[in-house]
Amino acid sequence: MNHKWNFDAVWDNPEALLAGAVGTLRIFVICLVLGLSLGLLVGLGRYARRKWIYIPVSIFVEFFRNTPVLVQILWFYFALPILMPFEISPLMAAALGITLNSAAFSGEIFRGGIQSLESSQWEGAQALGMTHAQALRRIILPQAVKRMLPALTNRAIEIFKMSTLASAVAYVELLQQGKLIASINYNPIEAYTVVALIFFAFLYPLVQATYLLERKLRQGD
Amino acid sequence: MTKPAPPALLRVTNLHKQFGDNAIIKGIDLTVAPGDRIAILGASGSGKSTLLRCLNFMEKPTSGRIEIGGVQIGTERPQRDGSVKTEYSERELTAVRQRVGMVFQQFNLFPHMNALGNVMEGLRTVKGLAFDEANTKARLQLARVGLADKADAYPARLSGGQKQRVAIARALAMEPELLLFDEPTSALDPELVGEVLRVIRALVEEGRTMLLVTHELGFAYHFANRILFIADGVIHEDGTPDEVLKHPRQARTQAFLARHNEFHF
Amino acid sequence: MYQWDFTPVLVNSGMLAAGLGNTLKLTVTALAFGVPLGLGLALLRLARWRILSLPAGIVVEFFRTTPPMVQLFWFFFALPILIQVEMTPFVAAALTFSIQSAAFFAEVFRAGIVSIDSGQSDAARALGMTGAQSMRRIILPQAVKRMIPAFMERSIELMKTTTLVATVAYADLLFQANELAQKTFRPLEVFTVTALIYFAVIYFVSLVVHRIERRLAVSGETTVH
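Protein chains in written order, with our numbering: chain A, 1 to 221; chain B, 1001 to 1265; chain C, 2001 to 2225.
A hint or two may mislead.
What the hints assert, rightly or not - Example chain C residues on the side facing chain A (calculated, C-beta under 10 Å, incomplete): (1) 2061; (2) 2079; (3) 2084; (4) 2154; (5) 2156; (6) 2166; (7) 2191.
Unchecked claim - Now the stretches of chain C that chain A is said to cover, found in silico as 3 or more residues with beta-carbon under 8 Å: (8) 2021-2030; (9) 2063-2076; (10) 2122-2129; (11) 2192-2198.
As the list claims (entries may be wrong) - Calculated pairs, BS3-like style, for lysine-lysine (alpha carbon to alpha carbon, straight line, at most 30 Å): (12) B:1085 / B:1060; (13) B:1127 / B:1137; (14) A:216 / C:2025; (15) A:4 / C:2025; (16) B:1127 / B:1060; (17) C:2025 / C:2145; (18) B:1127 / B:1150; (19) A:161 / A:51; (20) C:2025 / A:179; (21) C:2183 / A:146; (22) B:1137 / B:1085; (23) C:2145 / A:179; (24) C:2025 / C:2183; (25) C:2145 / B:1150; (26) C:2025 / C:2160; (27) A:161 / A:179; (28) C:2160 / C:2183; (29) B:1137 / B:1150; (30) B:1246 / B:1026; (31) C:2025 / A:146; (32) A:4 / A:51; (33) B:1127 / C:2145; (34) C:2145 / C:2160; (35) B:1060 / B:1150.
Just so you know, these hints were derived from the structure itself, not from any lab. Since the structure is predicted, the reported quantities are computational estimates derived from the model, not experimental observations. Virtual Cβ for every residue (Gly too), placed ideally from N, Cα, C.
Start from the sequences and build out the full structure, keeping to the hints where you can.
Rendered as structure tokens:
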């Protein structure tokens, strides 16, 4: 390997990376909050007894789980504006794609979490005279949350990684800035290595924390 | 002039085994002659399973000497501080395990093979026998434990007693000089214990050398020619079944037997 | 009201078909290399010597934690310069996804192997098998059966992840879609059809996968010998 590593382009342009980090965090938070909230509705919707709720929600889930996120993002960026009277910014397109995708996946997590509780729990609550809502709030959801937390934190980490897809529509996040820095002195090696290391440094501790959380939760069973 | 005694099949000298800071075996000497049927009794945690597992080197001794047929297993390497450490090579240990067979409490049959496959596995993979030869020998062993008709059955379809008999056939197929049984009936429902003990008794009649860790005191009394009582990692009592079970000398042994008084000799 | 017109798409369906072919080609290649590489990494991670398990662990953790798109860009733009080797887009893409899927498969393999009861390796060793024989004859056959569902899920994920190559000019289905959209000025129809094609393929594969999973859960046996 004769390459002489030269990180000048990186050191000389700290604001570029910073802007990227901000952009990454921004889209992450938006998609996390919206995705999980929507996901909760989706999860409950899959439980609904009324067909006119249950069927569209199921179609939504199947569609957004089985199409690649990037396809969705590009659709929202190129195709949707034709149907809509307003502009769709890169952030909107990327956020829409990632949010809906996450809603579909987290919806399944929520559904699985609630379903996994044996009917004996419901019956126990019922026998005490609790209403459906009380049972849900006091008995079912607390236990379900415990079971869903690892899967949900994994989803959050996935959402964070998906932020890089927004670079495909030139949204300013870390990878996009990486491309920018790479083109300054034509040193893609340093630029992309730095971006990779930033993601790793940020995500690895989170992943480990998730493992620990998982193990701690399992102990409580 | 009397004939010299045949070399002991197994001789254990000053065996110690510890896991980390936890000393389980604290100095055991043992000699096993060909044809011996030794029952090993003791409370849980006394070290009896660990002892057994040291004899086929499933656990490597921390210190001490094990000889099989008069030949020491392992190579002694003098250390810089004057002590001697014994090193065991995998090749040596796999060879030992072909001569010393083991039957486990949990049977440990291979679920992805049928009964015949289980019994053949050692012959094919370890001894390198050809399919036909292994097949014949395996079927023979299955017949001897009374399961010739179950050759094609998978472990999932066998009862506990049948599984253990297949496990015994699997160990026997290797033609070991010594058989180790680690609580072979402890995991069985009571009505299935008998079929396994019958097979073991048949092995006794063949004159096989066996060490049996068991809680079945009645069976031990009738089948063993020697009983060891182990507590706190050492042998507390060593004698004939009459001596150990009917007239134990040590207080520990007496206390142990008093707790297990539901048997009849 | 917008006038939908799918004819430009139908006329150029060959373009999309070629893209789909490339997507499948890339997925299959990545799987073909990723699975054995993943097994190798898993066995290294389970090795007793840290000099083997540590590097393998680092590779696996790194490729599982960093975003796939970052990896892709690195393999496309940084690696060729670093090792002074020119790479076609296919090679760079195949390399990226092989290693990436290997990292995920390594975890699946490892979890599967570790889940096998220790009594199995005890019995194998007691018969006189070496560690390698025990792994090959007893542990792996049982572990692989358990891992098949996770494998198949991972493979479907891989198929979705390959769309990333559209951003580095490898002519997969999404890339072709983008080209076609620009050529025909009909992004709505093109991307809608493309999304539906992806959905059809992936959904169909998922159904097959779930069928197989259910079959496996019912049967308990494999035939050996």
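A quick look at each hint next to the structure:
Below 10 Å, beta-carbon pairs count as interface contacts, and residue 2061 of chain C has one with chain A at about 7 Å; its hint therefore holds. Hint on residue 2079 of chain C holds. Least Cβ distance to chain A is approximately 8 Å, under the 10 Å limit. Evaluation of the residue 2084 of chain C hint against chain A yields a held restraint, the C-beta minimum of about 7 Å falling below 10 Å. Restraint check, residue 2154 of chain C versus chain A: the minimum CB separation of about 14 Å is more than 10 Å; hint violated.
Contact between residue 2156 of chain C and chain A, as hinted, is supported at the beta carbon level, the nearest pair being about 8 Å apart and thus within 10 Å. Look at residue 2166 of chain C: its Cβ gets to within about 7 Å of chain A, closer than 10 Å, so that hint holds up. Residue-level restraint check for residue 2191 of chain C holds (minimum Cβ-Cβ distance to chain A is 4 Å; threshold 10 Å). Here the region 2021-2030 of chain C counts 0 residues with a CB under 8 Å from a CB of chain A, which misses the bar of 3, and the coverage is violated.
Beta-carbon proximity to chain A at under 8 Å applies to 10 residues in the region 2063-2076 of chain C; the threshold of 3 is reached and the given coverage holds. Only residues whose C-beta sits within less than 8 Å of a C-beta in chain A count toward coverage, and the region 2122-2129 of chain C has 0 of them, not enough to reach three; the restraint is violated. Here's how the region 2192-2198 of chain C fares: 4 of its residues keep a CB closer than 8 Å to some CB of chain A, so the rule of at least three is met and the hint holds. Between residue 1085 of chain B and residue 1060 of chain B the alpha-carbon distance is near 12 Å, which keeps this suggested pair within the 30 Å criterion.
For the hint pairing residue 1127 of chain B with residue 1137 of chain B, the CA-to-CA distance comes to about 12 Å; that is within 30 Å, so the pair holds. Annotation: proposed proximity of residue 216 of chain A to residue 2025 of chain C is violated, straight-line Cα distance about 42 Å (limit 30 Å). At most 30 Å may separate the alpha-carbon atoms for a hinted pair to count; residue 4 of chain A and residue 2025 of chain C exceed this at roughly 36 Å. Restraint check for residue 1127 of chain B and residue 1060 of chain B: satisfied, since their Cα atoms lie roughly 23 Å apart, inside the 30 Å limit.
Under the criterion of a C-alpha separation no larger than 30 Å, the hint pairing residue 2025 of chain C with residue 2145 of chain C is consistent with the structure, at around 26 Å. A hinted pair counts as satisfied when its Cα atoms are at most 30 Å apart, and residue 1127 of chain B with residue 1150 of chain B qualifies at roughly 24 Å. For the given pair, residue 161 of chain A sits about 35 Å from residue 51 of chain A by alpha-carbon distance, which is inconsistent with the 30 Å threshold. Proximity of residue 2025 of chain C to residue 179 of chain A is assessed by CA-CA distance (about 27 Å); at most 30 Å being required, the pair is judged to hold.
With a CA separation close to 51 Å, the supplied pair residue 2183 of chain C and residue 146 of chain A exceeds the 30 Å bound. At most 30 Å may separate the alpha-carbon atoms for a hinted pair to count; residue 1137 of chain B and residue 1085 of chain B exceed this at roughly 40 Å. Using a Cα cut-off of 30 Å, the hinted pair residue 2145 of chain C and residue 179 of chain A is violated, with the two alpha carbons roughly 43 Å apart. Distance hint between residue 2025 of chain C and residue 2183 of chain C is fulfilled; the C-alpha atoms sit about 25 Å from each other, no more than 30 Å.
Between the alpha carbons of residue 2145 of chain C and residue 1150 of chain B the distance comes to roughly 24 Å, so the proposed pair stays at or under 30 Å and holds. Annotation: proposed proximity of residue 2025 of chain C to residue 2160 of chain C holds, straight-line Cα distance about 13 Å (limit 30 Å). With a C-alpha separation of about 17 Å, the suggested pairing of residue 161 of chain A with residue 179 of chain A holds against the 30 Å cut-off. A threshold of 30 Å between alpha carbons decides the hint, and for residue 2160 of chain C with residue 2183 of chain C the separation of about 25 Å falls inside it, so the pair holds.
For a cut-off of 30 Å, the pair hint linking residue 1137 of chain B to residue 1150 of chain B stands: about 15 Å separates their Cα positions. Taking the CA atoms of residue 1246 of chain B and residue 1026 of chain B, the gap is about 27 Å. The hint holds against a cut of 30 Å. For a cut-off of 30 Å, the pair hint linking residue 2025 of chain C to residue 146 of chain A is broken: about 41 Å separates their Cα positions. Distance restraint check for residue 4 of chain A and residue 51 of chain A: the Cα-Cα separation of roughly 64 Å exceeds the 30 Å cut-off, and the hinted pair is therefore not satisfied.
For the hint linking residue 1127 of chain B to residue 2145 of chain C, the alpha-carbon distance of about 27 Å falls within 30 Å, and the restraint holds. Of the supplied pair hints, the one linking residue 2145 of chain C and residue 2160 of chain C holds, its CA atoms being roughly 24 Å apart against a limit of 30 Å. A C-alpha spacing of about 36 Å is found between residue 1060 of chain B and residue 1150 of chain B, which places the hinted pair above 30 Å, so the restraint is violated.
Checked against the numbered hints listed earlier, the structure breaks hints 4, 8, 10, 14, 15, 19, 21, 22, 23, 31, 32, 35; every other hint is satisfied.
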